[in-house]
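With chain A's structure known, arrange chain B on it following the hints.
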Amino acid sequence: MSSNSKVYLRVAAERGDAPLLPSERMWGFWEFSYANSALAIATWAFLIGGATALFVGPKEGIAAIVIGNILGVVVMAMSTCVPCGKYGTEQFTYLRSMFGTNGSRLVYLLAVVFLTMGWLAVLGLMFGRSIDGLTGLLTEREVQPQGLLVYIAAFVSILVTAYVVVKGPTSIKVFNTIVAPTLVLIMGTMLYLIFSNHTFDELMALSALDAPFEDKRVNFMIAVEVNMAAGFSWWPYLGNLARLSKNERTAFWPNLIGVFAAAALGEVVGLLAAAAFGDSDPTVWMTHIGGIVFGVIALGFVAFANVTSMINILYTSIVGLRQVIGKQLREIKWGFLVVAFCLPPIAIVFLAPGIYDGFFIFLVWTSALNSSLAGIGIADYFFLRAQRINLRGVFASDDLSPYKYLNGFNPSALLALVSGFVVYVLIFNPQTLDNVSIFQFISASLPSCVLAGIVHLVLTRVWVKKMGWGAYQ
Amino acid sequence: MSDDETMRRAKDLERRIRVYEEMEENNDWRGALQLIDYAVLVMLTLGLVIALYTWAY
Chain A
198 MSSNSKVYLR VAAERGDAPL LPSERMWGFW EFSYANSALA IATWAFLIGG ATALFVGPKE
258 GIAAIVIGNI LGVVVMAMST CVPCGKYGTE QFTYLRSMFG TNGSRLVYLL AVVFLTMGWL
318 AVLGLMFGRS IDGLTGLLTE REVQPQGLLV YIAAFVSILV TAYVVVKGPT SIKVFNTIVA
378 PTLVLIMGTM LYLIFSNHTF DELMALSALD APFEDKRVNF MIAVEVNMAA GFSWWPYLGN
438 LARLSKNERT AFWPNLIGVF AAAALGEVVG LLAAAAFGDS DPTVWMTHIG GIVFGVIALG
498 FVAFANVTSM INILYTSIVG LRQVIGKQLR EIKWGFLVVA FCLPPIAIVF LAPGIYDGFF
558 IFLVWTSALN SSLAGIGIAD YFFLRAQRIN LRGVFASDDL SPYKYLNGFN PSALLALVSG
618 FVVYVLIFNP QTLDNVSIFQ FISASLPSCV LAGIVHLVLT RVWVKKMGWG AYQ
Chain B
531 MSDDETMRRA KDLERRIRVY EEMEENNDWR GALQLIDYAV LVMLTLGLVI ALYTWAY
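In the order they appear, the protein sequences are chains A and B.
When you line the first sequence up against the numbering used here, it's residues 198 to 670, in that order.
When you line the second sequence up against the numbering used here, it's residues 531 to 587, in that order.
Read the hints as simulated data drawn from the structure, not as lab findings.
Some hints could be false.
Derived pair list, reagent style DMTMM-like, types lysine to aspartate or glutamate, alpha-carbon separation capped at 25 angstroms [as the list claims (entries may be wrong)]: (1) A:601 to B:554; (2) A:413 to A:631; (3) A:662 to B:554; (4) A:601 to B:551; (5) A:601 to B:544; (6) A:256 to A:595.
Okay, chain A solo, but in the shape it has when bound (with noise of 0.2 angstroms):
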């Protein structure tokens, strides 16, 4: 075989169309930790540090960020980094096994792209809020988050990150170098500033923002399903990077430090930040924290950083969708592709501009999926399959896999991913933050978790192994 030939499958195995062998892995432990950790520091951090301070002072902020992020982490990752790092093998090509073909199409539309299109929009949306910041320090004008600008400025970050993503992934390398270094050095700056102005003692003395319920415990409760949701929404992307790792151990634990350590590092400076200033918003905080030179530097660079995870994710997405939904989406111009979908986030962008301020709603409901999904990947993985794969099944035709359901599709695996979205959303509601009472001892995600896997676990065991589907042994 030609060494051309040799690199072209090699790539192709890369983008998921075969296994990736151990030895053509690239990534150690510090590799894949730093990639790791490239992904998790992102301007979302901030979002979701001020969304805490919503609910809770600094002090049962930082427990809340720390207790949600290791709990949803960890979930997430045994569920999807072990396998995929085991076996090398694509994410949902993986989930082949326990989903059945269309069943895995099916999560990777649920999961994947109606979560990018989401973000899309609330990135769109902190760009265009950060430009009006921006202007705003320059002009010494009152900002306006509701002002023309801000959709204006939305609108064009979409448009650009479209550009890029048609351009394709050479232009896309060239910023994921800037941004996370950068970021580290502004959330250290930051943490210094805030830490100039108050001591530590004045800080964690600080209260809730806007705390919805009397109830200490139930505000807590809702601050940790809030992180537990960020946890947890690295489901859709975490095992298609752990494949590029070199064994289990490489592709589980760089998470603690990524995923984890460093998201919620950045999460706490959003938190301190928003509780110092007043203001959940990082766009409207960073016009606050460190005089008008800072300002803008940090809101430029936010803008930019924006634009960077907004390429990110639409690029992975869209690879993931031609390589899911398979010849009738590859034959479709990647341009026309790219345009069609980020059709729905412009739409978001002017019909629900309340996404970027309510975007905990649109994380926590994401966390009542991603639970689900998490709980049946363990119960299917570890306890109905015994840790093995049968990689030839997995990559056969539907008509000769013997991972084969009921026209593609895994009925118990797709109960068990309702039951367990129907218990989360009757035990916490995401939109009007209802909860009933033993939310506030076991929260949402983790009852939705353990509930999901059971019924999986059960369904395959009385009913999916008896009808011959799915090679369960």
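This is chain B only, laid out in the frame that chain A set:
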């Protein structure tokens, strides 16, 4: 995609799957998570949850 390319890809996929099947047969999973990893993980998670909850309240 040409027939040639499809065949090349199928052969490559087969080669890769065989490597994993051999690893499975020989139980040769270097760097697999062991009992110690799970024990440390549980202790770390519970430790952080209990310590931070106690500190905050």
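Here is what the structure says about each hint:
no.	hint	result
1	A:601 to B:554	holds, 22 angstroms
2	A:413 to A:631	holds, 15 angstroms
3	A:662 to B:554	holds, 23 angstroms
4	A:601 to B:551	holds, 20 angstroms
5	A:601 to B:544	holds, 20 angstroms
6	A:256 to A:595	violated, 53 angstroms
Violated hint: 6 only; the structure is consistent with all others.
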